[in-house]
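Protein chains in written order, with the working numbering: chain A, 1 to 381; chain B, 1001 to 1085; chain C, 2001 to 2203.
FYI, nobody ran anything at the bench for these hints, they're computed from the structure. We put the CB at the ideal spot given by N, CA and C, even for glycine. Incorrect hints may appear among the rest.
Just the calculated beta-carbon pair ranges, DEER-fashion [stated by the list, open to error]:
no., chain 1, residue 1, chain 2, residue 2, range
1, B, ALA1003, A, ALA348, 53 to 59 angstroms
2, A, SER23, C, LEU2202, 34 to 40 angstroms
3, C, PRO2049, A, ASN378, 53 to 59 angstroms
4, A, ARG381, C, ASN2106, 54 to 60 angstroms
5, C, ASP2030, A, GLY261, 38 to 44 angstroms
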Amino acid sequence: MNVKNVYIAYTNCITPLGFDVDSNVQAIANGVSGIRLQENSTLMTAPFYAGVIDSDKLNTAFAALSDAKATRLEKMMVLALDPIIKKSGVELNAKTALILSTTKGNITVLNENAVPVPDAYLHQLAQNIVDFFGFTTQPIVVSNACVSGIMAVSVAKRLVQAGLYDNVFVISGDEVSEFVLSGFNSFQAMSDVPCKPYSANRKGVTLGEAAAAALVTINNSEAKAKIAGDGSINDANHISGPSRTGEGLVRSIESAFNEAGVTAQNIDYISAHGTATPFNDEMEAVAFNRLGLNEVPVNSLKGYYGHTLGASGLLETVIGLESMARNKVFASMGYDEPGVSQPINVLAANLDTPVNCFLKTASGFGGCNTAVVFQKVNNGR
Amino acid sequence: MEALKQELKEKIINILNLEDVQIEDVNDNDALFGDGLGLDSIDALELIVMMDKDYGIKLADPKEGKAIFQSIETMAKYISENRTK
Amino acid sequence: MADKYYITQHCSIEGSRISFNGAEFFIAPDTAFADFAKQAYRHAGIDYPKFFKMDNLSKLSFLAADLLLKDTVPDGGNNTALLFANAASSLDTDVKYNDSIIDKENYFPSPAVFVYTLPNICMGEISIKHKLYTENSFFVFEAFNPEFFANYAAILLDTNKAETVLCGWVEFFKDEYKAFVYEVAKEGSLEHTAKNIQTLYLS
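Whole structure, please, built from the sequences with the hints as guidance.
Okay, here's the thing in structure tokens:
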């Protein structure tokens, strides 16, 4: 079969570190984290660490664009998507789709209403975004726990490859809410210090919020990378505990490698999940070792953003693509001493190194895993 | 103590939705996790919530739970010594 | 699409009734879902205590999938992908969880409820029971979307990401529910087209 190449082109992100890709990369390169101690009793009674976007800054940026009524999350998503729709010049016709990924969407509207309002539905959130920009096709929502953001990229690539669309805009976003804070807290999974992925001193998750956007396209002229292979395979082990053997992640990576026609030796960098829970980080280390990926430079960007749930996979891909374009991989913030049972090459400092091919992985509740291989084109730009 | 053990058995069956388990099936020294009642990590977290809600006992460290949640016997002992409600 | 695929079996659960390949499998008129699910579980002869810990969406999905997968051997070698979707995501459990954090004087969020506030958990439950180390993805649409199922299942099969696909529309909100789960394979007699999917969904 003649398989079409599919590319990822324009990207953007709205995070506590900045409202465009350059400001985010600048901050990360300088070792700046978006995680702060939050004292907001409407979210949690005790102070907690999280990566939270300044609402005033968000409202100001949105007001400069539109006076439409929008929820906080919708503002984040619109601001992430707007510049890349404009820059790309892609027509929003029958061959252009929107894929939206999120875990909890506008869950905060539940607080205000005993009966869920339409906005609590994820398809309504997607419809609001579609209506704002004037997409003419029905939106597709991916809601697959913490792999949602990277799975959305994989789904977009598959739909374009099958010829159903020429262009798919992917928008991913989630908010820090009382809902998720209390939930992760009930799981005893929250760290009382900013998270420290892969460290022996890690104490759990720090939550964060962000929106990220990208264009997945058949057109290679403005592409940063080819989406060369992908897989999303379940652990079949436990609904909240990661597999001790990393089975689902191993199989997801193998599936992506087979499709891309690459082996562990071709991978220059892994942008991993690294939530900083004891079991997740350990599971990843086991999986990477099983695949001979233990010497590949790896980081988790959770130390800069916290865990941004349904946004994380795409946000971390956006930064990974910058690493590829700049041939510079970033320190895994919060990492000090090795804290997993099998050796992996966690980046303790920024490193200038050629990145022609990188692997993005994520894992989440429900035993889900996603792996995607990106190969540089057009020098990453 | 006997009343507390009985109460714990009822609660555990109820809260953890152990549909096919009867109170008389649970012995005081049976292992709650692993081969015994087959409880898992989410059940353990749910027991931590129960300790707080019903007995006013806060277990900050889930590792503490391991010893306490060994059996009905160990749970009852810990609760009777530490309960605040 | 290069190849034709076929719907090999299907199951619907709605209004206290389960039908399997067009025939009535189980019915318990005027029964609320919790009781209905328990009765259906017993009727199907399932022995899986974890079932009773699941939320409504997972129970619904599990019951339907179990009928379709009952003859498969759970040895980890089965490459049946799960392609599920609905309109309400996990909103039924979201509301339940949210109710537990509204009263600040009585604030005991439940981890066992929270874990089900993600729609894909139901696929995790099915994967665990049947040892499916396979492609899983959960989508949300305003309404049943036969074109998407037809297209995406074909992609999974065309690209050899899966040998067969279990497609499921699994909707649960406030005791209103409908599950329509069917299997797509490379051989069979009823072609896997949006029109045929829609006809079975409505039947």
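request  = Compare the structure with the hints numbered earlier in the document and write down the numbers of the violated ones, lowest to highest.
outcome  = The structure conflicts with hints 2 and 5, although it agrees with all the remaining ones.
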